[in-house]
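Protein chains in written order, with our numbering: chain W, 1 to 334; chain V, 1 to 335.
Honestly, the hints are just simulated from the structure, not real lab data.
A few of these clues could be false.
[Claimed, not checked] Simulated coverage check for chain W against chain V, where a stretch passes if three residues somewhere in it have a Cβ under 8 Å from a Cβ of chain V:
| hint | segment |
| --- | --- |
| 1 | 191-201 |
| 2 | 204-218 |
| 3 | 238-247 |
| 4 | 253-266 |
| 5 | 273-280 |
Cβ coordinates follow ideal geometry from the N, Cα and C atoms, glycine included.
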Amino acid sequence: MSSENILEVRDLVTEFKTDTGWLRAVDGVNFNVPKGKTVGIVGESGCGKSVTAMSIVDLLPKPMGCVNGGEIVFKGRDLRKVDHDEFYKIRGGEIGVIFQEPMTALNPVHRVGKQLTEVILQHRDVTKEEAWQRAIDILDKVGIPSPERRVKEYPHQLSGGMRQRVVIAIALACKPDLVIADEPTTALDVTVQAQILELMEDMQNELGMSVILITHDLGVIAESCDEVVVMYAGRVVERGSVMDIFTKPTHAYTRALLSSIPTLEHERKSELTTIPGTVASITEFVTGCRFCQRMGREGDTLKTRPDFIEVAPNHWVEDCPVCNHHNEQTKSTI
Amino acid sequence: MSNLLEVENLKMYFPVRGGVTMKHVGDVKAVDGISLFVKPGETLGLVGESGCGKSTLGKCLVRLYDPTAGKISFQGNDITHASMASLRPVRRHFQMMFQDPADSLNARFSVRQIIREPLDIQGIGTRKERETRVLELLEKVGLPANAVNKFPNEFSGGQRQRIGIARAIALNPELLVLDEPVSALDVSVQSQVLNLLVELQKELNMAYVFIAHDLAVVKHVSDRVAVMYLGKIVELADADKIYRDPKHAYTKALLSAIPMADPTRKKERVILQGEIPSPINPPEGSAFGHRIDHPKYEETIGLDMPLVEIETGHWVAADPCCLTEEDYSKARSLV
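Next comes chain W alone, as it looks inside the complex:
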């Protein structure tokens, strides 16, 4: 464990029990979260990015979901070996979680203040009055106007952006060292998204916490992350600094993903690059290179798992010879 990493995920394997056997949703995922930095996890739906995050904080749907391998080292402790009661202190206290859908993440029958003080009372030795005051302070900090009035309101009385601010306030109430934000802005409009991203950046600067930001929006990743983990079909295919990933994407999937988004610079009605087909169903995953599987290629690469190699300092790629070969070809045609 290096001292500058607050979290290290090693060979994480998460499986779900079904009638037909175990399904492996996360298959040997490795990444680090450095102190005070933001790490983005990006990928299409079903690639396992949320399952990875929920494995870290042990919030998988029970009893079907189970972490069946690997290590999750948070501040020098393996979270897999931490018992149930101890985990209550970590989750919410040291690791905060911001969930995607602000309507379902909040309890509709409790006042905002009740939900905020619940976290504070659980983790800090304070009286109810002090906790209430703290709730007002934190709401003020996340930019909610007239917090004294808002603490007494119910979630449905707030707009989408306000609700997401409350969810952020709950996650940050105990000044955690690590915040896991699962699609924090997906349900919001661009203008509100910009506000929320700005808020998270400010809070990070103020509290010095690390953030894991899960999103499918490459634009959000480019604007707010220091490091990026690209996931495909339950595995990490590439990870590195945000500059490396966007300026020197190496894995065929990362390159295809980056070139398929329309940008304002694209010529109108021009043809966009596409990735043929769709992600294979989890029951049909091959052991080998899953991007070759998607591209409909055949051969040995489908049988053995490609190595995960460091192509440049801190820039790791799943190294599949066939994908590399196709990369070379597309390069020469450009």
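Chain V: place on chain W using the hints.
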């Protein structure tokens, strides 16, 4: 070239009722005085935040709602108050496609039934001809012929959206209103569907009204773009033009808020405070001026701020809070 669709001062108010007697206490002014036109074969993009009325406008255009006031004419015929029966023959010329591919397809219909339904309703051809047409359409949208006997739940999101497209183009419409057709899809699938839409437009010469909140997607497919704010169009111009040289403060803010997949780009975000005001009780003056707390807001109360053509093909609301002084004096002189 005459316009395919013309809309004049369209209004769609939804009544708000309250109290024990369910008395009419106010209106949600979802669409509040919109005028626009669509030419044959072009794409008009419609952008705005959620709640600005863009979907309501889309539904009014195809008469899924009965507008409160205003006029809609399609190919020169007034369809604003046309009865259901008299609308039916006209309906084959304009179709609508919905956002959620899972919700907009009948789960108990096979793909064949889904795509054939519009042909059956309009009574086109013989039964056999319709069957052939279904297969033809499937091929056109890039689905295998063996899909006809499957049900929507057997397909992925992108494929379901293709089924939706096949159904929408089954009658060879001249106008297609697309309400957020790609926002539920992943990026790699989104680009496939966008390519298909662009291709079909060229081939069949359809006009699109493309409603979306993703500005980059809208720019990619549109010829002209209209920006909506609180039930009104605030700016309308050629797609390249509006992105290169936005005039209205709201358009500028909206554009700067889009995150770009380019970490080397300088961040010049204009962070808009607050959110879109309630359309039940909109601000009396400039709606956007109110949100940004503009010093000139007081002046705009009671002021008529129509859309004016400030440059050829570039329309903008004559709002002193949202335009530069130079643009505003020019716009005022045109009112």
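Right, here's what the structure says about each hint:
1. 191-201: holds (count 7)
2. 204-218: That given contact holds, which follows from 3 residues of the segment 204-218 of chain W lying within Cβ reach (below 8 Å) of chain V.
3. 238-247: holds (count 4)
4. 253-266: holds (count 9)
5. 273-280: holds (count 4)
Comparing the model with each numbered hint stated earlier shows that all of them hold.
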